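Peer 1: Taking the hints into account, I'd like the entire structure generated from these sequences.
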Amino acid sequence: MLLPSVSGAVFLKKSTFSFLRPLDPLEHMTLCYEDVYRDQFINFSMLAEDPDTTDDVMNLFKVIVYLEQQMSESFVQAFEKEIFNLHAPDVIMEGLLEKIQSEMDCQFASHILEMMNDVTDLYKGMHKILELLRYENTLASPDNDINPGALYHFSSLLGTSVVAESLRQQAQIRFQICRNLLLICNILLNEKTLDWGVLEAIRSVCTPEIVVLTQASYVVLWLCGLTTIVNLPFSARESSINRLAPLKLAPVLNLRPVTTCTSLLELFISSTGGQEARKSFARVNCSDEALAHWHISLLPYLNHVRHIIWPITGGTVLAEWLLSSGQHLWLQQYVRLLSNWCEWNCCTRNFLLASAFLSTGEYNKAEDLFETAAKGVLTDAFLQERCLKGNLPSPTGAYIHYYLKVIQLFELHKAKDSVISIANTALSIVDPEDPLAATLYSIKFKHHLALKHYELAFDSLNANPDAERKKDNLRDLVKTLLDEKKLDTLLNFTYGSMDEFFTNILLTRARANDAVNNIFYDFLYSYQIKRGPLSHRLAASVMYEQAFRLNHINSVEALEKQVKCYLAAKNVLHLCKPEHAWVVRPADPDEEDEVITIQPLAGSNEEMKVFRLRKQVEVVNIETVEKELIFASAKLKLARFSSSLSPVNITTPVELVTLLNTAGLFKTALDICTTFELSYASIFEVLTKNCVSLTEEENPSAWNWLVENDLQDLPVNRDSAADVVWQFLQDCLEKYEKPCMTTLHYVVCKKIIGMRVYFPHWLVASYKVRNPAEFLRLLHGSGRLEEAIEFTSEYILSAMGYGKEFFGFTQPLAPTSPAFCLPVYAIERLIEELKIQNSMSLEQPYQKEYENLKTLFAKYLETATRVSNQMCQTKLTSGSLRTNVFSIDAR
Numbered sequence: 009m010l011l012p013s014v015s016g017a018v019f020l021k022k023s024t025f026s027f028l029r030p031l032d033p034l035e036h037m038t039l040c041y042e043d044v045y046r047d048q049f050i051n052f053s054m055l056a057e058d059p060d061t062t063d064d065v066m067n068l069f070k071v072i073v074y075l076e077q078q079m080s081e082s083f084v085q086a087f088e089k090e091i092f093n094l095h096a097p098d099v100i101m102e103g104l105l106e107k108i109q110s111e112m113d114c115q116f117a118s119h120i121l122e123m124m125n126d127v128t129d130l131y132k133g134m135h136k137i138l139e140l141l142r143y144e145n146t147l148a149s150p151d152n153d154i155n156p157g158a159l160y161h162f163s164s165l166l167g168t169s170v171v172a173e174s175l176r177q178q179a180q181i182r183f184q185i186c187r188n189l190l191l192i193c194n195i196l197l198n199e200k201t202l203d204w205g206v207l208e209a210i211r212s213v214c215t216p217e218i219v220v221l222t223q224a225s226y227v228v229l230w231l232c233g234l235t236t237i238v239n240l241p242f243s244a245r246e247s248s249i250n251r252l253a254p255l256k257l258a259p260v261l262n263l264r265p266v267t268t269c270t271s272l273l274e275l276f277i278s279s280t281g282g283q284e285a286r287k288s289f290a291r292v293n294c295s296d297e298a299l300a301h302w303h304i305s306l307l308p309y310l311n312h313v314r315h316i317i318w319p320i321t322g323g324t325v326l327a328e329w330l331l332s333s334g335q336h337l338w339l340q341q342y343v344r345l346l347s348n349w350c351e352w353n354c355c356t357r358n359f360l361l362a363s364a365f366l367s368t369g370e371y372n373k374a375e376d377l378f379e380t381a382a383k384g385v386l387t388d389a390f391l392q393e394r395c396l397k398g399n400l401p402s403p404t405g406a407y408i409h410y411y412l413k414v415i416q417l418f419e420l421h422k423a424k425d426s427v428i429s430i431a432n433t434a435l436s437i438v439d440p441e442d443p444l445a446a447t448l449y450s451i452k453f454k455h456h457l458a459l460k461h462y463e464l465a466f467d468s469l470n471a472n473p474d475a476e477r478k479k480d481n482l483r484d485l486v487k488t489l490l491d492e493k494k495l496d497t498l499l500n501f502t503y504g505s506m507d508e509f510f511t512n513i514l515l516t517r518a519r520a521n522d523a524v525n526n527i528f529y530d531f532l533y534s535y536q537i538k539r540g541p542l543s544h545r546l547a548a549s550v551m552y553e554q555a556f557r558l559n560h561i562n563s564v565e566a567l568e569k570q571v572k573c574y575l576a577a578k579n580v581l582h583l584c585k586p587e588h589a590w591v592v593r594p595a596d597p598d599e600e601d602e603v604i605t606i607q608p609l610a611g612s613n614e615e616m617k618v619f620r621l622r623k624q625v626e627v628v629n630i631e632t633v634e635k636e637l638i639f640a641s642a643k644l645k646l647a648r649f650s651s652s653l654s655p656v657n658i659t660t661p662v663e664l665v666t667l668l669n670t671a672g673l674f675k676t677a678l679d680i681c682t683t684f685e686l687s688y689a690s691i692f693e694v695l696t697k698n699c700v701s702l703t704e705e706e707n708p709s710a711w712n713w714l715v716e717n718d719l720q721d722l723p724v725n726r727d728s729a730a731d732v733v734w735q736f737l738q739d740c741l742e743k744y745e746k747p748c749m750t751t752l753h754y755v756v757c758k759k760i761i762g763m764r765v766y767f768p769h770w771l772v773a774s775y776k777v778r779n780p781a782e783f784l785r786l787l788h789g790s791g792r793l794e795e796a797i798e799f800t801s802e803y804i805l806s807a808m809g810y811g812k813e814f815f816g817f818t819q820p821l822a823p824t825s826p827a828f829c830l831p832v833y834a835i836e837r838l839i840e841e842l843k844i845q846n847s848m849s850l851e852q853p854y855q856k857e858y859e860n861l862k863t864l865f866a867k868y869l870e871t872a873t874r875v876s877n878q879m880c881q882t883k884l885t886s887g888s889l890r891t892n893v894f895s896i897d898a899r
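All residue numbers for the sequence shown refer to the working numbering, where the first residue is 9 and numbers rise by one.
Everything labelled a hint here was simulated from the structure, so no lab data went into it. Fair warning: this is a prediction, and the values are worked out from it, not measured in the lab. A couple of the hints might just be wrong.
[Stated by the list, open to error] Each computed EDC-like pair below joins lysine to aspartate or glutamate, with the alpha-carbon atoms no more than 16 Å apart:
hint	residue 1	residue 2
1	Lys856	Glu795
2	Lys413	Glu393
3	Lys136	Asp58
4	Lys494	Asp530
Peer 2: Laid out in structure tokens, this is it:
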């Protein structure tokens, strides 16, 4: 069927149809060898220049076609298989030549030589065929105008199919020509019937080029026979392309959905390959009329497409497309087929194949190929354009930038081990002074850290020549190891010159985190302890700082931590020399500035200078730390005992003592008073009140606070809480009352009097020994006349020698005894009080006591007067008069 509108012809069949297309000269001479004549190529410049050479070319094609007709299918398959296995075509042909001759008739070689006799100039004829085989349409200048109509030429599904099939047919013909030319050369060289010069030209010039063209033609033929590998899901392919984004690969255009039977070449032409070919074809001077007739524009367009897939060019469009479109297996085979002979862009192909291995997760293969591809950094345009940045000063710089690009690709694919390996390769060639060396060390550190190779990560940061990067890396290492709780690993590193910065990192993080659950302070303490005695004060400072911060947190957990911190600080300060046993803390912001005045020099006109100094920090010695430890421990004990009292907000010892008294923690309250030099009066007053209350009414809950006062050593009946608490009061009074003092006795007695109960015997006995006169006045002043009368009587009798030991007298009243006194005025007032009480009542309730006491007191006065007179007489006799007055009132 003819198509006049487009000058085309279609061959119709029952279930399909075929287009009849024009042939190029090589196809024409191969397929129409019997009807070929010189004038057919008059419009083809390469064959129209020299008619004689054209005749030789046609005669040579007769031989080529004859050989094709004589070859068996097994030979063709064997030859292609060996090429696919990367054997050299000339070596293959030598091995198969003998087999070919055995398969054909015995006159085969002589018939070939006879046919070659028709060739006038064998070398020129063969050379012209090679020109036709390697001929590629000269691409139009990029400056030419674009013909918009050509941008969509052969872009339909049918047009793409026609172009792909035409390329396959051309590839088949060209491969046959190359193979048969190689066979002709081997026959001629074996027979040696031609002139030596011609044979040498064939051997040294023609044969090597035929070998290369054979391999290139085979690769194109192989590509034409491939079917597309079913693509990954769109999302997976997009993800793979995104990870290869740093390569800036040529975009995959118009990639349509494929099936298992779609031709790879057809898919390429419908996508990027056809787009690139049309861009080039659109700049060729071609009229719209010529474009309208596809049989005219087909062959020029095929030349542009073939130029893109022809291996012996500088283009990488096909390899890039195979990578971007997910045809990784075919890319691998494509690179393999070109690996042992094609020097054009070999490093670029290895680079692209390595990128494909990245996408398929074969990182070790990718790593090897990337290192192999590095050889082309200075020669391959693709690698220079995609991997290098601007003009680099040295080849080493180019290699380093290349490796950095490769590292970037591995990082996008999360191949950390490979990143480290490539970084090591780059570091083996980089100049230590190069700024990129620091970058490479940082990369190694980052990925060693991600792989939890902590020792290797530390070695990498330690080797980094850039101090700032080293600090950044150390900061990351510290954070990671602390988050992973790898404290032993972090502690075992030797930081050397980085020690101060390491400490500052930890301090900064410690201060930025909550003070309670803060492993940074704990680790810093351990680290300073490990460093040895010279760092003990720093360890104490760390613990004290944490304890100081915990003052502002109101929780029992914070109190527990604070006590531990104070205790650690105190213990480690005890290990320091006394002159170094101190830490510092921020000064009180409310503290007034210190004013310093500098007087002017005498005779000068200068004014007086006044300076104000604000204290920034204050020194805290070990005694202060111990006080704060006791204070915090008391708060903690109170908080644990009674949550309702909420001691966490207490800031002064007085407040704390009040709450401790309320809770019944008297032992702890006494410790606080001792530490902060406070009066014990309030404690003994509350304790006495509790003693009296328990005596009056037994309260089982009293044991809750009693057991908190360390009563294990008290020899009392544990069945009675009242007995225990009275014994505890007695024990505390004996321990905390200073010798010859009765301050606390007075407080206890006043409380007992106030609560209208009797004094315990031990308290009266203790008061008798310490200060009986004060006790007498206390009884009299509180209105306890009966007790006062009894006590006064015993007091006077003890002075005269009856029970003197109960009142602390060592000797009774005698001329030889040391001077002592009784409260005469107090006794007189008591006697006068009894007299008044008797006079105010008809019953005279104290008449008997009055008379007895008056008589006893008069006897004492009489005895005291007599003893005094005797002492005076003795002193006068001895000449050393010293007056001892026994009846002096001790007020």
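Peer 1: Look at each hint and say if it fits the structure.
Peer 2: These are the hints, each one checked on the structure:
{"no.": "1", "hint": "Lys856 - Glu795", "in the structure": "holds, 15 Å"}
{"no.": "2", "hint": "Lys413 - Glu393", "in the structure": "holds, 12 Å"}
{"no.": "3", "hint": "Lys136 - Asp58", "in the structure": "holds, 10 Å"}
{"no.": "4", "hint": "Lys494 - Asp530", "in the structure": "holds, 13 Å"}
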